[in-house]
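2 protein chains.
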Amino acid sequence: MTEHLVTFEPFATLVRVPTGTLLSEAAHLAGVEIGQPCGGQGRCGRCTVLVKAGAVRRRSTLRLSSEDIAQGYALACQSVVEGDVSVYVPPQEKIERRLTTDRTAGEVEVPAGYNPLLSQSLRRYRLMLAPPSIDDQTDDWSRLQLAFKQEAGIEEMKVSLSTLRKIGDILREDDWRVTAIVDTETWDCPNCPPRLIDLRPGHAMLNDPVWGAAIDIGTTTVSLWLVDLVTGQVQAQVAEYNGQIARGEDVISRIIFAGKNGGSDQMRSLVLETINQLVETACKRVNARPDEVVRATIAGNSTMMHLLLGIPASNIRLAPFITAVNHVPSLTAEEIGLAIHPQASVDCLPGVASYVGADISAGVYSSGLGDTEKLTLFLDVGTNGEMVLGTREWLVTCACSAGPAFEGAGVLHGMRATKGAIEEVWINNHTYEPTYRVISSVKARGFCGSGLISLLAEMFLTGIVDKGGNVNLSLNTPRTREGEHGPEYVVVWGADSADGKDIVITRVDIDNLLRAKASIYAGFTILADSVGIPLEAVEQVLIGGSFGKYINVEKAVQIGLLPDMPWDRFSFLGNTSVRGAYYALLDKDAREKIREIAVRMTYIELSADNTFYDAFISAMFLPHTDLSRFPSVEATLSTA
Amino acid sequence: MTEHLVTFEPFATLVRVPTGTLLSEAAHLAGVEIGQPCGGQGRCGRCTVLVKAGAVRRRSTLRLSSEDIAQGYALACQSVVEGDVSVYVPPQEKIERRLTTDRTAGEVEVPAGYNPLLSQSLRRYRLMLAPPSIDDQTDDWSRLQLAFKQEAGIEEMKVSLSTLRKIGDILREDDWRVTAIVDTETWDCPNCPPRLIDLRPGHAMLNDPVWGAAIDIGTTTVSLWLVDLVTGQVQAQVAEYNGQIARGEDVISRIIFAGKNGGSDQMRSLVLETINQLVETACKRVNARPDEVVRATIAGNSTMMHLLLGIPASNIRLAPFITAVNHVPSLTAEEIGLAIHPQASVDCLPGVASYVGADISAGVYSSGLGDTEKLTLFLDVGTNGEMVLGTREWLVTCACSAGPAFEGAGVLHGMRATKGAIEEVWINNHTYEPTYRVISSVKARGFCGSGLISLLAEMFLTGIVDKGGNVNLSLNTPRTREGEHGPEYVVVWGADSADGKDIVITRVDIDNLLRAKASIYAGFTILADSVGIPLEAVEQVLIGGSFGKYINVEKAVQIGLLPDMPWDRFSFLGNTSVRGAYYALLDKDAREKIREIAVRMTYIELSADNTFYDAFISAMFLPHTDLSRFPSVEATLSTA
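Line order of the protein sequences matches chains R and H. Position in the first sequence counted from 1, then plus 8, gives you this note's numbering. Position in the second sequence counted from 1, then plus 8, gives you this note's numbering.
Just so you know, the hints here were simulated from the structure itself, not pulled from any lab data. These numbers come from a predicted model, not from an experiment. All C-beta atoms in this analysis are idealised placements derived from N, C-alpha and C, irrespective of residue type, glycine included. Any given hint could turn out to be false.
As the list claims (entries may be wrong) - If you want the footprint, here are the derived chain H segments under chain R, 3+ residues with CB under 8 angstroms: (1) 333-343; (2) 413-421; (3) 528-541; (4) 607-618.
The whole structure should be built from the sequences, with the hints applied where relevant.
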């Protein structure tokens, strides 16, 4: 097999690979990180590299202009090595770490009347053992069991091999005085004996914290709240991008990646690294050690849960869309690979179906939908859009693949909501000149989701695009023009942009945005139709997910993403998933209610529903084929 | 830090180490294996190497003659590098693999009336699941649980993460037909739900075997019986030296080694390698795959059990001699590291105390002592000597450290019972010329245990040694002489030996043998005294352990190792420990009886017993200070 030398600049990293190797694989082998948000499918163009010398064969040039190709650009995920090659890797969009910080920590209220003795199954015991002697050669473990029996009335106790490995030293370190943390009850095995989680030398003080972690694994962001289970207080809140992002931006790309050889292990490690790093950061903030965290609850969509646990997720993607497990059994941190106490009980909250996971069960509980009499629409928009309609009496749910457009991916100049992202746009309806606001007030680099919603709404209201999303090229402005990818509108001229190039929105981008918003709106329609209730009857719309924190309701209604109703019916709840995990961490009754919610939600599979397709097509217009559904937009248009 | 180059011949292996590094460590770093039966304490002399050039400092020269030292020999475990060194490693005694083979396989009878439905908690189910569809998106695990409920009446089931990782593929491989093996009962958690052990695509045939393994971990030999749990038949018996031997020949050396940095992990890996190799060999013999073995029971002394499980054993060695755990909880193969089915239930049988382990609980059960009305002495002599006295009504037990002398270690020309070992000796009482039998009839290389017992008895009966073990140098024979290590008797002249050197037994060797036999005999005495029964009242002596298979009762009585009683009271049972593990593997009632035996044995700690020391000193003579205890020997002497 012929081998070739691939050189990566500016790293000056060399690697030798056989003919036919993908440049992205060569980069991986060389330890050069090249982001592949679309999972290596040639869709996103984020892995563009410049071939300076040598032979590569391009399998696909989707996302590259003919000019790009002429200059030597190639998609690393779509180009194979055919000779010695020298490749230049352009500076990647540097992911800025946008942390949810302590500023919201104070906002989390401990549930009224929290009493760990009633709500928790964890107990902390301080034991004093009789030392052994020649006349009493009882083995260490039996001696400890005897102390549990005498001092805590516990007749039988489960213990792990890893604890037995440490027991001898721990018992002797502080002269047979120890503090033990015991889980007296396992939610999925009520008849099982109590389980010894932690054993430490010496006697803990009564007020010493007992740490727990509530975790939400989002496709994009992982959030963790560190909680003192003695008081119930959230002592640290941290968040970080999910380390899997570089291997695919949406769940489908990640499932595909995980299905490749070694992909599942890589996915598992990546998200574990993210979580374990968050644990460390949070623990540092409160002066605790990670192995003092003795309980965790985890929420997340079904794909994230499968990937975390190393369970193949491929059947989630393929009809008839089946998860391996919705109700994950009780596990230990050691089994999962979480770097907290190895014996910590880890509770992966229950999901409903392939595309309605534990994040939604947790969100429905924490948002209060599970317990309200008002007809409520709960919406969690991330890379996927999940929605639940109902009251305390009934719940229907569905999910639609919005795609990553609202998160800045799948759009030519899309980017995440970091420094340099245009987050709001206004367009003069005579001159068609735009005004915009950029995050951190620097030179613009692209659009984030809220910027795109805002831009699309303005273009529609000013007639730059028609209701079908077609760009009007006959307007008296140089900003609408025929570009490399078809008709486009220039928001920022090269002279004003960060990289000196025009920042535009193209017809293709608009199509992606239309598809995303149409898919979400069609979801609402189907949900309402499924129970024979008009959308207008909805008394409140609860919006969860980090997406909800930045969205402009008015603009979202104008493009037909959100239903047209008085703005005061919309509430933004932030991360409802991690909040649900927090409640479940504190209270076994809350855990049980989340399970009940998961069981009683009726899931509607949209891919099997022809009416969804009709609703989707009807919603592929601005704001909708049926303008009467959007009276406020109709009114605005008539005055425009 | 100064570094030096150490060269090992004949391997021509180089390694660079700092000043002060032990030669044994340097060898280890260089990948050169040097046996250290005594655990690197300079006691056994097996790591002798020849320093051909360069500077080493000898910390201890125990076991080396001044001539050896003059020639450049050094103990690798006791010599530190002080400059560049060139070392020659002499050919090590090559361990010949003496396997307990199929010849005894036929001897094992399945317990009468074995019925797996009554005796086993394992069940095999053949399930047919309804395939999922868009209208039935139940997750895989819930779907399987439903089948268990409908077809087997199992309401709740425990499952491991590793099984959940495979469930999706297995269910789909043969069109939703699967065979499951379920453990319906865990001995240490009677209220726990059944546990799913194995899930395979397709339907097994009714007569297909369900494999289990009974394992005995001896300090010297590991034995494994592979059993078809459907019929109860032992289908393969295999045995192999414990891979830990090179790190110490007795339990004390191993505990010391395990206490060193990384030693515990090394000990664990070594014994796991041995067991896993045995599993593979046995499985090959019956055309099974190791992952088809779904249950195992393990017996072994307390140190072996701790080392297998990676539990520190140091407190076993130190007063007041405490084990970390005698009743090991139910574990899975995955947790232990056994290369059988990862979810196989592994039952480590219960031990009694630091020096009376699960091998004795299992031996007492399988020997029938636990259920006899006859006053019985059960004896298991290996590197340690454990003994139990009693009837079905009561049991007392003790252990004494016999040392490895009877296994050929701690004796100048001692060796294992392999090719070239002298196993029987006769001495002419006029000429003092010996006749001897060598294993495999080749030139003699040394003495194994039975050879040493035989030799000592003959020397005593012919007056070459007196009752104190002193060699009579005034006899008219060149075979008794003053040697390097004091007085000695030459059994084989160099001209007739394998390596051309005289094979001798020295005064020091005799002392070691006396100590070993005295310690065992003193154990009997204390046991009998502790219940106020004379030794002569014992109605049967059951001898377990591989040692028992080769011993010559007459000679053993003559040196005072075994009590003097009619030979027909002695029975040799072979490996009673693996047999007990086999019974426990087959039958949960047998398992429970072994537990009861472990609990009801009264352990006598000899080190805390002054009378033991007195009894030991009295037994340090041939056959004993009190000759009246050995009437048959007295009779022989009077006729000699």
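- Query: Are there three or more residues in the region 413-421 of chain H whose C-beta lies closer than 8 angstroms to some C-beta of chain R?
  - Reply: violated (count 0)
- Query: Count the residues of the region 607-618 of chain H with a beta-carbon closer than 8 angstroms to any beta-carbon of chain R: does the count reach three?
  - Reply: holds (count 4)
- Taking 8 angstroms as the C-beta cutoff, is the stated coverage of the region 333-343 of chain H by chain R satisfied by three or more residues? holds (count 7)
- Message: So is the region 528-541 of chain H in contact with chain R by the C-beta rule, three or more residues under 8 angstroms, or is the coverage claim wrong?
- Response: That given contact is violated, which follows from only 0 residues of the region 528-541 of chain H lying within Cβ reach (below 8 angstroms) of chain R.
When held up to the earlier numbered hints, the structure conflicts with 2 and 3 and fits the remainder.
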